[in-house]
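Residue numbers (the working numbering), protein chains in the order written: chain A, 8 to 367; chain B, 8 to 367.
Put simply, identical chains are the same to the list, so a pair is met inside one copy or across any two.
Within a straight-line C-alpha distance of at most 20 Å, the following computed EDC-like cross-link-like pairs (lysine to aspartate or glutamate) qualify:
| id | residue 1 | residue 2 |
| --- | --- | --- |
| 1 | 38 | 28 |
| 2 | 348 | 97 |
| 3 | 124 | 349 |
| 4 | 348 | 183 |
| 5 | 333 | 37 |
| 6 | 333 | 360 |
| 7 | 156 | 88 |
| 8 | 38 | 334 |
FYI, nobody ran anything at the bench for these hints, they're computed from the structure.
There are 2 protein chains.
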Amino acid sequence: MVEPTANMTTSPTVQTAPQNDCFLRACRREKNTRTPVWLMRQAGRYMAEYRALRSRHTILEMIRDPALAAEVTMQPVDAFDLDAAIIFADILPILDEMGLGLEFIRGEGPMFHHPVKTPADLDRLRPRPAREALGYTIEAVRETLRRLKGRIPLIGFSGAPFTLACYAIEGHGSRDFLGARRFMCAEPAAFHRLMDILSAAIADYLVEQARAGCHAVQLFDSWVGILGPADYREFVLPYNKRILDTVRAETGVPSIHFGTNTTGILPLLREAGGDVIGVDWRIDLADALKLLGNGVAVQGNLDPALLLGPQERMRSAAAAILDAAKDRAGFIFNLGHGIHKETPPENVAALVDFVHQYRP
Amino acid sequence: MVEPTANMTTSPTVQTAPQNDCFLRACRREKNTRTPVWLMRQAGRYMAEYRALRSRHTILEMIRDPALAAEVTMQPVDAFDLDAAIIFADILPILDEMGLGLEFIRGEGPMFHHPVKTPADLDRLRPRPAREALGYTIEAVRETLRRLKGRIPLIGFSGAPFTLACYAIEGHGSRDFLGARRFMCAEPAAFHRLMDILSAAIADYLVEQARAGCHAVQLFDSWVGILGPADYREFVLPYNKRILDTVRAETGVPSIHFGTNTTGILPLLREAGGDVIGVDWRIDLADALKLLGNGVAVQGNLDPALLLGPQERMRSAAAAILDAAKDRAGFIFNLGHGIHKETPPENVAALVDFVHQYRP
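Chain A with its partners taken away, still in its complex shape (with noise of 0.2 Å):
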């Protein structure tokens, strides 16, 4: 097992403050000249550039190359007005690491080859400490710092333990990962061992990665959704806390812990912690600032979708989210999730702008 403080050194973590502060003002909720926005997945698909770096490498190889993970993570920071940029990595590789087999398989998505299957299983996991196993995105971070020149901050990202477990275990992905939901039914002490192994690699990789320069880290709970209250309760909670509680006391960046169909979990993502809440679209953001209160950052929630166009209607239903965050301090205007890969650029465009210019 990976103890976060192992690699603890004895210099504290010091960011550079970044020219263009919005997004971490809005993250310790303090008063802003503007609404800050980046979009999640901000890299990727939807973008010519990205496209034909993606035709030459595989996803994997553009992850491992530092450089080449830089110049993604670049390439939306100078196409559009962007407030933050997000390292390019992808969520999977640190179950890689250890040794669970991943590949990317084109046009069926990612799959393990030694999936946790038995509690017997777990004695397979290698976990190592993240500047070992996952030394190429720390090494992006630092490259992509140089790159961004202090403009904007820059964040990193894991997934999160629940997340993951469920590819550990199913293999692969799925719509409802009733093989992870299984294993953790009739084997729950074996499911929290996978939780307890995974959540100290995941602290220890944000901590990392906040060392290596990274301004925030976000917690990316994508598919906690399939639960609901009492098994997150029991299941999830504990082990995001301690994340998120050990990336504070470690180096003191702010954290966004987000997930997708969470509406009914709200209210025990915010007591798992996390600076900022991310909340999908499925709830009026009137509602989720209600049900979230004044303790707390909140990011979110435009439903992807609607960046497919057309842009009256995106237009609408930002102004409409804007409105509902016009008192607030602490928000950050992001997608309900990931922007999807069908998306027109000049959309994205035509939406960062669209969220500078507006007056509520």
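Put chain B on the given structure of chain A with help from the hints.
Frame of chain A; chain B shown alone:
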């Protein structure tokens, strides 16, 4: 366009009162002697009896043969102490009968050969009165009622217009029905026209099932949870309301209004109507009861994954639901979505007995 009133007979609908009426008492929010329980997709692949029939017939053959459909409907009723039967049918034949060309492809699920890809494709739709187009299901209702001999009530059902529109446009199942979402945003007038055509046909279909003797009907809006509240209000609410109002005005039988991922839009489902609101498992039942208020019955909401076992965890989750509902007139125990095909039948038996015997 089918006018739901066009097939009205002058005789009023009279349902035979079943000996076990606890389900209907709950629909009407009357005091009850026991908590009624039935399970969505209770006739299905998890039962050996079903698989035996299925090995000799396609799904569409089973649906289109009233004797086979009645036989399948009776399988869970004979095996478990259920308080309601639901007619064996599928949400998609109504689209097939309009000319979309439905085929169930082994291992892939439903596929339409002639999906709605452009507004002009709407002119190809050929809705006919349900008693002609879906006469086999109407006849299956009559045959099932003969076999039930008044023991328990029979529920009829239909897919809701949004869920059907998703399939009609996408042409197959999907995680996010992005093609349908894009059509909705880009061609709102055509999407409204499709919803209008579907609503009329669905209302007619539900009315005919009630006229044939169904004691209640359920509107399955299974995939409506991909929409945010504003889109739901604009594109869905008026149509579901029209259907549910028509069923009430024409037949007087209670209706159940169900969807998944609806936590953020539950009050809007309530506004659209239904004597009973079906709730998925992603919300604590106590929260759902509070959100919905007292003027409506509620059905739900055990996570179907818990039926995979172990039984102890399943029972404890069922107890939490029954505790939350204990002071509520008008509660029907059900799953939060359809039963999984991997479910051991002995767990279904244990669950049904537990619900009946439990005293909060």
